[in-house]
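The sequence shown begins at 1188 in this note's numbering and counts up by one.
Because the hints were derived from the structure by calculation, they are not lab data. Even glycine gets a Cβ: it sits at the ideal position worked out from N, Cα and C. Some hints could be false.
As the list claims (entries may be wrong) - In the DMTMM-like style, the derived pairs of lysine to aspartate or glutamate whose C-alpha atoms are separated by at most 20 Å in a straight line are:
no., residue 1, residue 2
1, 1306, 1273
2, 1292, 1309
3, 1303, 1254
4, 1339, 1327
As the list claims (entries may be wrong) - Now the in silico label distances, taken between C-beta atoms and shown as ranges:
no., residue 1, residue 2, range
5, 1238, 1313, 29 to 39 Å
6, 1216, 1361, 24 to 34 Å
7, 1303, 1276, 28 to 38 Å
8, 1281, 1255, 30 to 40 Å
9, 1388, 1423, 48 to 58 Å
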Amino acid sequence: MAKQSILGRIAQMAKANINALLDSAEDPKMMLDQMVRDYTSSISEAESAVAQTIGNLRLLEQDYTEDVDNAADWGRKALAASKKGDELRAAGNPADADKFDNLAKVALGRQMASEKEAKDAEPTIASQTAVVDQLKRGLDAMRTKLSQLSSKRDELIARSKTVEAQTQVQDAVKSIDLTDPTSEISRFEDKIRRQEATVLGRQELAASSLDAQFEQLDASDDSIELDARLAALKAGAPAPSAIEQ
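Please model the complete structure; the sequences and the hints are all you need to start from.
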């Protein structure tokens, strides 16, 4: 995956407006599930590409450090050879002195080559460093967006379950209408009321039966008294009076 395509894809996904996408979706949950899968897959691919880019940058940095170290080492060798040549020339040995001066020149040439390689690498390292920084920021943005997507999906699922539960409760309440005379509770209430009415009727019937018995008893007493007074008259005795008694 080319670096530019990585950057473009990361930037596009990181800037995605989740709410706008959900508003236009026929099935938001299904769309969120798909987006979570896409982001997860893209992040995995981008992480591999970014890791490779970082690895290449580190190699360039290692080569740069090596060139800088080599330049310094060749500089020390050139100085040592030059000093040795000066010592030989001072000692009256110009032939050997020239040899060491030539060695010093060779070392200086190697130093210049290493310095050039290091200098040539600096713009590339700077450019690659900027690219890596962009990729890292883009990956962080994608991870943040993925977290938002996951949270949004969980929120929608929770809200969906809540709505489903509320619907079930409302349907259950509608199916048990307490004001409906045909409902089970109304029929049970009517049954209880009829039983209560039957008990009241029996109580009233029992009370009326008891009153009748007492009336019969009073009628029997009057009949006995009549018979007693009639017997007294027939015997020639004055009839007993209830007042005198």
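Does 24 to 34 Å hold as the CB distance between residue 1216 and residue 1361, or does it fail?
-> holds, 27 Å
Does the hinted range 28 to 38 Å hold for residue 1303 and residue 1276 at CB?
-> Holds, since residue 1303 and residue 1276 (Cβ atoms, about 30 Å apart) stay within the stated range.
Check the following: the C-beta atoms of residue 1238 and residue 1313 are separated by a distance inside 29 to 39 Å.
-> violated, 20 Å
Status of the given 48 to 58 Å range, CB of residue 1423 versus CB of residue 1388 | holds, 56 Å
20 Å Cα cutoff - pair residue 1292, residue 1309 = Answer violated: residue 1292 to residue 1309 is near 26 Å, above 20 Å.
Pairwise hint evaluation, residue 1327 against residue 1339, where the allowed Cα distance is 20 Å at most = holds, 18 Å
Is it true that the CA of residue 1306 sits at most 20 Å from the CA of residue 1273?
-> Roughly 31 Å between the alpha carbons, so the hint for residue 1306 and residue 1273 is violated.
20 Å Cα cutoff - pair residue 1303, residue 1254 | holds, 9 Å
Between residue 1281 and residue 1255, is the Cβ distance one that fits in 30 to 40 Å?
-> With a Cβ separation near 35 Å, residue 1281 and residue 1255 satisfy 30 to 40 Å, so the hint holds.
Against the hints set out earlier in the document, violations occur for numbers 1, 2, 5.
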